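Novice: So the protein sequences, as listed, match chains A and B. Using this note's numbering, the first residue of the first sequence is number 1, and each one after it goes up by one. Using this note's numbering, the first residue of the second sequence is number 1, and each one after it goes up by one.
Check the hints yourself; a few may be wrong.
[Claimed, not checked] As a list, the in silico SDA-like pairs of lysine to any residue whose alpha-carbon atoms are at most 20 Å apart:
id : chain 1 : residue 1 : chain 2 : residue 2
1  : A       : 110       : B       : 157
2  : A       : 79        : B       : 166
3  : A       : 44        : B       : 157
4  : B       : 215       : B       : 148
5  : A       : 79        : A       : 69
6  : A       : 110       : B       : 148
7  : B       : 165       : A       : 155
Just so you know, these hints were derived from the structure itself, not from any lab. Bear in mind the structure is a predicted one, so any value in this text is a computation, not a measurement.
Take a look at the letters that make up each chain.
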Amino acid sequence: MKIENLRKSYGDQVVFDGFDLEITEREILCVLGPSGVGKTTLLKILSGLTPYEGRLDGIPERVGYIFQEPRLIPNLTVKENLAFTGGEAQKIEKMLEEIGLSAHAEKRPKMLSGGEKQRVAIARAFLSDSPLLLMDEPFSALDTALKMRLTDLFLRIWEKEKRTAVFVTHDLGEALAVGHRIVVLKKGSIALDIRADEENAKEKLLECLVTE
Amino acid sequence: MKKGEKYLKKILFTLGAFGVLLLIWQIAFFCVGNPLVLPSPWECFGEFFVLLSKARFWENFFATFLRAVSAFVLSAVLGLGFALISYLLPSFRAFLTPIAAFLRALPTVAVILVILVFLSPASAPVAVASLALVPALYSSALAAFFSVDEELIELCRVYRVPVKKRVFSLYLPAATPYLIREGTAGLSFSLKLAVSAEVLASTFQSIGGMMQEAKLYLEISSLFALTVAVVLVGFLLEGVGAILARRVERRVK
Chain A
1 MKIENLRKSY
11 GDQVVFDGFD
21 LEITEREILC
31 VLGPSGVGKT
41 TLLKILSGLT
51 PYEGRLDGIP
61 ERVGYIFQEP
71 RLIPNLTVKE
81 NLAFTGGEAQ
91 KIEKMLEEIG
101 LSAHAEKRPK
111 MLSGGEKQRV
121 AIARAFLSDS
131 PLLLMDEPFS
141 ALDTALKMRL
151 TDLFLRIWEK
161 EKRTAVFVTH
171 DLGEALAVGH
181 RIVVLKKGSI
191 ALDIRADEEN
201 AKEKLLECLV
211 TE
Chain B
1 MKKGEKYLKK
11 ILFTLGAFGV
21 LLLIWQIAFF
31 CVGNPLVLPS
41 PWECFGEFFV
51 LLSKARFWEN
61 FFATFLRAVS
71 AFVLSAVLGL
81 GFALISYLLP
91 SFRAFLTPIA
101 AFLRALPTVA
111 VILVILVFLS
121 PASAPVAVAS
131 LALVPALYSS
141 ALAAFFSVDE
151 ELIELCRVYR
161 VPVKKRVFSL
171 YLPAATPYLI
181 REGTAGLSFS
191 LKLAVSAEVL
201 ASTFQSIGGM
211 MQEAKLYLEI
221 SSLFALTVAV
231 VLVGFLLEGV
241 GAILARRVER
251 RVK
């Protein structure tokens, strides 16, 4: 999947001006960077939510998206929420088992805790038949213990399905724990592109993040 | 303040307000001094209970109520349908906005008189009430659709959720509490409009027709008693609607 010569601005504010990025299939690409650098805009472009100029190659029309908030339909049960975005009945049952929420299938979102709601959101993304998953700081609103549990859950499901994922975060630890490859965005372009298992990856990322 | 105390206070205020109204009525009755012009409240309430015991009242009442309900159902279907299309198609909305504004501005009595030229006295009240209700229900339904959470709409766009599924699982449930609240107020309004049209059309078998008859025979206490009956049904409808809306709201939010 390729992004070529991407240009995007909001009024006078230029977010991307000739941005290029290649996304390798079946790996998790973490996009790291400070707030306002265009991480969410990049996901919105990839998901077709916002117009842009440039060329996107191989990006599927339909994507799985995990937002910062669970975004569950309040009047639908957990099961109905999963079916709403296109999950098949059999796969939903299996996925509910996988995320440990089978007993909550008939409950409405207001009966669930924050962590449980976000588990449903993860399940919803994996239930979409798209080969591309987009994740916009999905665990940032959760406490550390819950964040770790959900990261584990995500990686466990990902291991089985191995879908291409773009994971946006501003948390270096999270990026290193989840990503196979990490890119740092600065002023609308890539300041660093590194493999997570590369030697001294953490130090290089830190240096890149702290220097202007 | 405890919930019980709050309700008690509300009931006391309501009773107080009705008490004041009755007092004003009684004072006006003493001032006018002519029961053919203004009967006493007690005479009217007595007449009201006499009316309740008459089969003819109930026949006429149900005929009027049926007209009001028919007008309401017709208006709800049209208002909701147009609102949904307007929400999904901005160009249709732009086309419909001035028409809705025009219909809202139409004087009801003028509409009744014009419609009576074309329709029978039995069907004219339905048409009159519908004409006034469609723009009102259209506007509230449209406002309800626009109040749906922007983030959930974004979710639908990302996951390419089909329009039919969005309408039935997201838009309609989110809009239902508003629609019930507006709808029951609309039903009560529809009843008033239907009665007004019946009076002008002298509709056979109707509360409006009975009111016209009472006026002709100078049965003023009966006229007031019929008015009290319409007001009470209006209150009842709005009360039931508010309770229903609160219940649905708790379920969908």
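Novice: Could you tell me which of the hints above the structure violates, numbers in ascending order?
Specialist: Checked against the structure, the hints that fail are numbers 1, 4, 7, while the rest are satisfied.
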